[in-house]
Structure formats: C-alpha cells, structure tokens
Amino acid sequence: MELLLASALGIVTACAVYLMLRGRTFSVVLGLSLLGYAINLFIFAMGRLTSGKPPVIDQAVSSYADPIPQALVLTAIVIGFGMTGFIVELALRARNDTKSDHVDGEEPGKGSSSESDQEPSAKHKEEQGS
Amino acid sequence: MSHLLVLPIVLPALTAALLLLMGRQLAISRVISFVASALLLLIGIQLFQDANSGAIQTYVLGDWAAPFGIVLVLDRLSGLMVLLTSIVAIAALFYAMQGWDQRGKYFHALFQFQLMGINGAFLTGDLFNLFVFFEVLLIASYCLLVYGFGERRLRAAVHYVVINLTGSALFLIGVSILYGLTGTLNMAQLAERIASSAADDIALIRSASLLLIAVFGIKAALFPLYFWLPNAYSSASAPVAALFAIMTKIGIYAIFRFNSLIFGGSEGVTADITSPWLMPVAMLTLILGGLGALAAKRLLELIAYLTVASVGMILMAYSIGNQASFSGALFYMVHSTLISAALFLLAEMIGQARGSIEEKLQTGPLMKQGVALGIAVLIAGAIAIGLPLSSGFLAKLMILQSATLNPHMPLIWTLILLASFIGLIGLSRAGSTLFWKTSHVYAADAHSPSFGQWLPILFLLGASLLMVVYAAPLKQITDQTAAQMKAPQRYIEAVVGQTADRAPRALPRELRP
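So the sequences go chain by chain: A and B. Using the working numbering, the first residue of the first sequence is number 1, and each one after it goes up by one. Using the working numbering, the first residue of the second sequence is number 1, and each one after it goes up by one.
Any given hint might turn out to be false.
What the hints assert, rightly or not - As a list, the in silico SDA-like pairs of lysine to any residue whose alpha-carbon atoms are at most 20 Å apart:
#1 475/B x 152/B
#2 105/B x 93/A
#3 105/B x 89/A
#4 368/B x 148/B
#5 297/B x 104/A
#6 99/A x 473/B
#7 105/B x 104/A
#8 360/B x 432/B
#9 99/A x 151/B
#10 360/B x 475/B
#11 368/B x 448/B
#12 99/A x 99/B
#13 475/B x 52/B
#14 99/A x 53/B
#15 105/B x 99/A
#16 297/B x 475/B
#17 99/A x 297/B
It is worth saying that the hints were derived from the structure and are not from the lab.
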C-alpha cells in the first residue's frame, strides 16, 4: 500500500507541477487542483496508513487510526474548494477583460499591454471561432 | 482567562458577517465598519499593555487543554503586531470611506475579513490554524486586490493568486511532514519535540522547516520570491495597498516566530537552519528592492519596491543575530509599516491630483494642491529613507550599532547605507519629476484631495513622529520583545506547562513508519 500511495502521490504531483508551469490559465488551474488532491492525500498519509481502524472512540477495538489528519484534510479540502472556485472565476474574468487566457493577460510576443486594443492574433481568432 | 484575547479575531468576524447582511446600505456599513475598527484599536492597545507586563497569556478555545485543543497566545511580539495592524487598518479604512468603498459591493465586509485573518495569524499558537488564518487573509486580499476591477488589476491578481495558492500548497506539505514526524501541531509542543527528535528524522525535519521558511519567504517577498509584489501592490487600490503594507510583515512575523521558537534559537537540530540563507537572501532583497525603486515607472511601483527593500532590511537586521539587532529589526518593522501605508495613500492622492496621467513618473500637468502634496511626500520620503531625526533614522542607527561586533560588519554597513542612498535617489527622481517637471495648466480631470483624505495621512505621519518623540520607551519595548523571543522556554511553558504529562513522548511503535 505504501508503494502504491507514494508513487501515486509522486505522479500526481509531477503532473500538477507540469500543468502549473504552462502558460494558459486553464492548465494552471487544473494543475493547482491536482496539487491540492496530492496534498490532501499526503496529509492523510502522514497520519500513518492503516486500514479498518476507526478514528473515533469505540469500545470494541483497541487500536485507532489517527483522527487529526482526517480533520485537517477536511479543512484543507474545504479551503481548496473555495480557492479553486475563486481562481476559476478570476481566470474567466481575466479572459473576458483582457481577451487572452494567458496568465500574463496578453498573448506572448504580442507586445506590451498598451497595445491591447490592437486586433486579436490569428490564434486568438481561431479560439473564438471554435 | 481573559476573553479579550479572542476579540481581535471574533470582532472582525462578526462585524464582517453583519456587514454582509447590510449589502448596499453604504452609510450604515461605514458606521459599523468604522466603529468596529475603532474598537479593534482599543482592544489592540489594551492587549499591547497586557503583553507589556511580560506575562505570556494563553486562550484555550472551547476549554480544550493546550496540546490537544486550539490555543491562542499573546506575547510581546504578537501584542505589538496586533496593535500595529489596528493602527494601519483604521487609517486605511478612513481613507477608503472617502469614496473607494462605493466602487463595488462588500468592501467593508472584505476589509473586516482581512483583519480577522491578519489578527488570527498573529495570535494563533497552532501550526494548522496559522495555515487557516493565512487562507482567510489571503482570500480576502484576493478579493480586495481585484476590488473595482480593471485590466491591470486582473493581470496582477492572476499572478498573485496562483503564487499564493502554490505557497499554501507548500505550507501544507511542510506542516504535514512536521506532524507526521512529531505528532503535534501546537507550536510550543512542536518546539519541544523537534529538539528531542530521533536522529533518523532530522533530515526530514530540516527539509520541512526549510519548506516552511520558503513559504513565509513568499508572503514576506524575500529575494527570489518577491516578483509578484510590485505588480500586485502597485495595481491595488490605495487603501488596500496600505493595508497590504502589514501583509508582508506577516511573513516576517512567521519567520521570527519559527526561528526563535520552533527552530530553537541557538541549540537543537534545526538551530542553524536559516542562518546560512537568511543573511545573503535578505541582502539581495534589500539591494534589488532599491534598484527596482530606481527603475520604477510609476510612483506606486516605486513604493512597492521600497516595501521589498524594507523586508530585506528587517530580515538582514534580524540575521545579524544578537538581541540588539532584533530589537532594531522590530523598530524598523513598525516604522516601515506605518510609512509605507502613508506613502501608498499619498501616491493615490497625487495620481488623483494629476488627472489621467495618474502617478506615472513623467512630465505632466500641474498638480492640484501641489505644494501640500509636495511637502507631504518630502516628509514621508525623508522618514522612509531614514534621514536624521526621523523614525527610519533611529531604526537604522539601532541596526548599524548592533552590527558593530558582527564579522560581516563592513558589508552590512555598506549595504544599509548604499540601499538608503539608492532609495534616496529613486525618491528624489520621482519627486522632481512629479512636482517640478510640469506644464502650467491643470488637467481637466484632476481633483484636489479632500480634507478627509488628508486625515489618515496626517495620522500615519503623526504616528511616525510619535515614534521619534517616544523613541526611548519604544526602544525599551522592542528590547524587551527581542529578549522575550530569545528565551522561548517561557512561551513553551506558558502554552503546554499546565498539562501534567509534558515530557516529550515518542509515537507508539506501530504508528512509526
């Protein structure tokens, strides 16, 4: 189980980092949420991997799973959820206002922001058409 | 157990909830928000006085005993920070009430949520809650940053949000590694457990600790991690940028807290963890902040870079390593927070008085109330750079003095003086462009700043002046604060001392990896 979980964490994190290093807001947001999943699993794993043990007091059993990481994961999920919602909304708004889904708010190689009123590049037109 | 300690968190939270219900009723919202901030200032003063007795107060939420439940801790450092927050907050809020809060919904509610997050981060004694309060203040700051919208704000906000979310992710990794190795999240208990950790765990503990330092470096805008700041701060609205002046200080606060408490000062396995890094990184931050100020194209950008430089100055002073230098760092922190808030507000007024050219550093029309604004910028700039007889001068003097015994003293002195000089050039360039290179007509869309806008500036500059007048008692306070931070044992005793069984316990065998 350790090997499986560790390699899963590693792969998900690697994918997340790759996506976050890309230039478009959509991939960056995907990368951030993937990283969020990896981290939630990681917090969970830091309470040691056990199976079939309850985290709450139970007369019938003598050994327990650590309840704190589970509580932490719950909090982290809620916060991650809110943050993802916010950044999706922000990315949409930025896409709408700057006419570009690049994280810099302008197409690379297109010049400075003062020229933002010039006509959209061919690639941009294609995106809008599709 | 006094309930006063929880109020800096509960009061803004309740006020914010109430303000959300108020919706668009601006007049009532303003009154509520202002009264709450004034109350917060009173609470801040009281807590500061309490902390000044030297006792470390704890507040056990829900009466769950310390290592298991959540605990708030008030010591001299957090008392000082809470007071500083409430001073900056009331000035920024008063400025916002002169018109900024009409440009969108829920300004006041977001403002109060931000205060709640900031105060929570200063008061919490628990690692995971530090994360939670960071998130509370960050999400409020994201909303405040894009408040009023505009393309430039959105551009800056995307970078700011993505970088901070990545930082939060790293924070969680660091926290969970530390939890996995020590089995606790309470900072005081963590300090004890790390000091007595098993030899196998040391490498992991050190990497988790460095990861956390990197996260705080992002918040504080330390050298390789500061690139988000100038853009974000210079595109935020003025009152928000003024409030953000305290936000970089949260990263610094967390570095102070971790270094002195959890990394165990001069002994323990993580004692030397930041010393090889902090000094060079702080030096680079100081110099690059100064150079950025020289290259800035807008006044707000220049001030944002001065904020970066001030972070470098504080952490360089801290990493000199003796008690006097820490005291100097604290004095400088209070001074730079007040003055950068004042400068952010002033820059916006200048932009408004110049019309559509705003505060871009280029030849422009005549400025309305140019003389008054010029004098205000001259005074604020002189204080920020640390010309003699200003609070910045005293702070730098304290830092220079404390560095005399340090082996790197020539380098430290050179850098501090050089950075001040570069900052002086940058500010005088900005001042001469803004006030002297003008045509002889006013712009059509220029407005003169109102008296209400001047009040918070006078308040902040006055506070800075009071720092000079009461320099001796204030230095005594920062000295005592530094002394308290150098002796973390009292903090640990105050938090986990009451529990009968506080010997560090190893995790049960079956729970170890």
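Hint-by-hint comparison with the structure:
1. 475/B x 152/B: With a Cα-Cα distance of about 41 Å, the restraint between residue 475/B and residue 152/B is violated, given a limit of 20 Å.
2. 105/B x 93/A: 17 Å, holds
3. 105/B x 89/A: Satisfied, since the Cα-Cα distance of roughly 17 Å is no more than 20 Å.
4. 368/B x 148/B: Measuring from Cα to Cα gives roughly 24 Å; hence the hint is violated.
5. 297/B x 104/A: At roughly 19 Å apart (the allowed maximum being 20 Å), residue 104/A and residue 297/B satisfy the hint.
6. 99/A x 473/B: 56 Å, violated
7. 105/B x 104/A: 27 Å, violated
8. 360/B x 432/B: Holds: residue 360/B and residue 432/B sit about 13 Å apart, inside 20 Å.
9. 99/A x 151/B: 10 Å, holds
10. 360/B x 475/B: With a Cα-Cα distance of about 38 Å, the restraint between residue 360/B and residue 475/B is violated, given a limit of 20 Å.
11. 368/B x 448/B: OK: residue 368/B and residue 448/B at ~5 Å, within 20 Å.
12. 99/A x 99/B: Between residue 99/A and residue 99/B the Cα gap is close to 30 Å, so the pair fails against 20 Å, i.e. violated.
13. 475/B x 52/B: Since the Cα atoms of residue 475/B and residue 52/B sit roughly 13 Å apart, the hinted pair holds (cutoff 20 Å).
14. 99/A x 53/B: Violated, because 58 Å separates the two Cα atoms, which is more than 20 Å.
15. 105/B x 99/A: 25 Å, violated
16. 297/B x 475/B: Violated: residue 297/B and residue 475/B sit about 37 Å apart, past 20 Å.
17. 99/A x 297/B: Given pair residue 99/A, residue 297/B is violated - Cα atoms ~25 Å apart, limit 20 Å.
The structure shown violates the earlier hints numbered 1, 4, 6, 7, 10, 12, 14, 15, 16 and 17.
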